Amino acid sequence: MRIRPLLVVALFLITAAAPRGAAAQTAAQAHPGEYAPADIAYGSRLYDAQCTTCHGANGDGVGGVDLRSGKFRNAVTDQDLVRVITTGIQGTGMQAFKFDASEIAGIIAYLRNMNSFDRGAVKAGDARRGQTIVETKGGCAACHRIGTQGSRVAPDLSEVGAARSAGSLLRSLTDPTSQMMPINRPVRAVTRDGKVISGRRLNEDTYTVQLLDDQEKLVSLVKADLREYTIQTVSPMPSFQNKLTADELADVVAYLLSLKGR
Amino acid sequence: MKPLKAILTLLVVIAVTCGVQAQVGSDRLVNAAKEARNWLIYSGGYFSNRHSNLTQITPANAKNLELKWMYQAAVAGAWQTTPLVVDGVMYLTQRPNDVVALDAKTGRVFWIYRHTLDPTQIVCCGANNRGLAILGDTLYMGTLDAHLVAIDSRTGRALWNTKVAESKGGYSVTHAPLVVKDKVIVGVGGGEYGIRGFVAAFDARSGREVWRFYTIPAPNEPGGDSWKACPPKTADSFCDPEAWKHGGGSVWVTGSYDPALNLTYWGVGNAGPDWNNEQRPGDNLYTDSVVALDADTGRLKWHYQFTPHDRYDYDSVQVPVLADITWRGAPLKAMVWANRNGNFYVLDRETGKFLVGKPFVKVNWMDTFDERGRPNQTPQPAGQPTWPGNQGGTNWYSPSYSPHTGLFYVSAWEGYATIFGGTPVEYQEGRNFGGGVNRSFVPVPGAPATPGIRRGPINNWTEAAATGAVLALDAGTGELKWKFPMTDVTDSGILTTASDVLFTGGREGYFQALDARNGTLLWKASLGAQIVSGPITYEADGKQFVTAISGLSLCVFGLRE
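So the protein lines, in turn, are chains B and A.
First residue of the first sequence: 1, per this note's numbering; consecutive thereafter.
First residue of the second sequence: 1, per this note's numbering; consecutive thereafter.
Calculated from the structure, these hints are not laboratory results.
None of the hints are false.
Simulated crosslink set (EDC-like; lysine to aspartate or glutamate; CA at most 20 Å straight-line):
id : chain 1 : residue 1 : chain 2 : residue 2
1  : B       : K71       : A       : E426
2  : A       : K483      : B       : D205
3  : B       : K260      : B       : D100
4  : B       : K195      : B       : E228
None of these values were measured; they are calculated from a predicted model.
Model the full assembly from the supplied sequences, consistent with the hints where possible.
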């Protein structure tokens, strides 16, 4: 079955919907070079809002603690940092903070790069402008749903800001295939009587596959009943690398990061 | 034969064949694999083939299998036990350390024994128990707080309770004991807590410890020099000069026994700490090895180390499978082994001689073997994936060997990798001693990785992170004969029968029968929850049954009448 032209030109952010918690893995980077600039920038804003009261803008507000040094008394790995931030340190002023996966990825990325991060080099997006782009120029609602508006064909973005990191969201816009979650891979099935079914995969096992088809219907197929079954590894979402300016991309990312669900 | 002895022998034969509950003497254990209507030993027999001579269920009629009865456990969590079946009575463990006796025809319960755990106990990797052993009319169970308990099989009353090790130090006993002659043999788990592992034998009547073999030798013992001295300290290095004291070497699964050689074989777990290999220089014997121990004394006859100086947690957490095969035209007392490190091995079980080593999944931590079977290790650059990943090409779940097909069957994880990293960790009693900063290798940053132990009902990693398979390998060469692919990975054990039916499950909750000759799907049932134990088969009232545990449900199938 042909994919409707509207779907092709629409913002098919199929890469975006990962389960909550999955992006926590992105916080656990082993090497400094792996932290995305967008994550560092997002983390810097969170740091300014949540951490400067005690640690100060330069990370040296607590006696004997210099966050910019890259060495931490109670943490070696990123996992250690996540633990310290989310559970606090008993007997000290370090309280437990409640961050979602996107936020913790940003905080860690920023802490690992405080020393070299140039705030002036990264454009902070404007979420309100980003919303306008998503709703107009981007045409995202043709495939994606946010709240009660938009198509369900591509992953729902209502909570994407809690699940995906800033860097991942930016890459989703510029190189969608690189960020497409395996579970979201589009599938195409042809039944024995020749009926073609296309849709977004929701679940799969050895004998069956569950999907949301391009008519937004929940469909479960038995593989043994199919003449053809293919899983596509290229995202149908177009790249916005040359369709949006850098500022516009930053605005869209800022808007998507604001989508935290309920 | 004298008349009295002949009469007694006849009475025993009649009692056994007519289903009367006779004592399970050591002679019955030696011949357990031939006593097909029962399942007397964790792996079906001392050779651990998980192969039954029952033939009622065949490739032709497997499609007529139907559910006969179910038994529901009360405590949630992975249920990894293998039942025993003795003359119409099924005995099995359930979480945390209960023993249940029930009617093998109906599932109705006779009695339940409940072990009270020490509240200070610490167990790595899930509060699992994998089963029981029996001798005479006594059942034996290892416990999560590292005790060994003897229980009257008729009443469920405890007869004795022996402390095997100190549970607050992370010691536990999670596998089914192995009874050999008048001894009950168990090993201890807890490598992730820095234990010093051992295998120990206890007198079956009194519970008194008879012998102990440490899987981590002391410096003055043979193999002790494989825990080498630390190099001169530098600012960035951390090396533990007494690494052997908490060197790991767990025993997570039941061993095997060759009565003719009087050798008992045990797979030994990873070194401690699991991943930061730099702080324990040397090969770290006998971690990641198989050890052959004299059944009477516990003395080491031979060993073979699959993964010297492990940095990947590739513990040999597999049941040693013994097979009498023809190898290069000559009969061979073989040991066949699909290891967590991704390689299939054939060893001479009399001498431990390495004969075959061949990857059964993608392997890049090593490339070749020398003539003695030592792998040439090829550690990957920092940040690069290593195949197989942390959970291994296979893991603790039991494989099967069918003398009928000559094939070795293993549940495998394919396309599965981890980006390994170590970090220094100092030993503290009862604290995790992993020393790892590992990441699962996923093709998209932030994508879900295959969960190590459990899964929910949605497979959201799919083919990109790992897939499962049943692999049928030639037992003499490791050559792949057929493959049954699964979308999700599998933690299920495998059972084969003399009628060439293979039973297995998987994380998807399907319980399926395959043709053991070619992997053709014969029948399947969706049981709704992950299957993480090994199926068994037995006969009651002349009818063959087969078991599968899915989630909290023990499901027993038989042919439609």
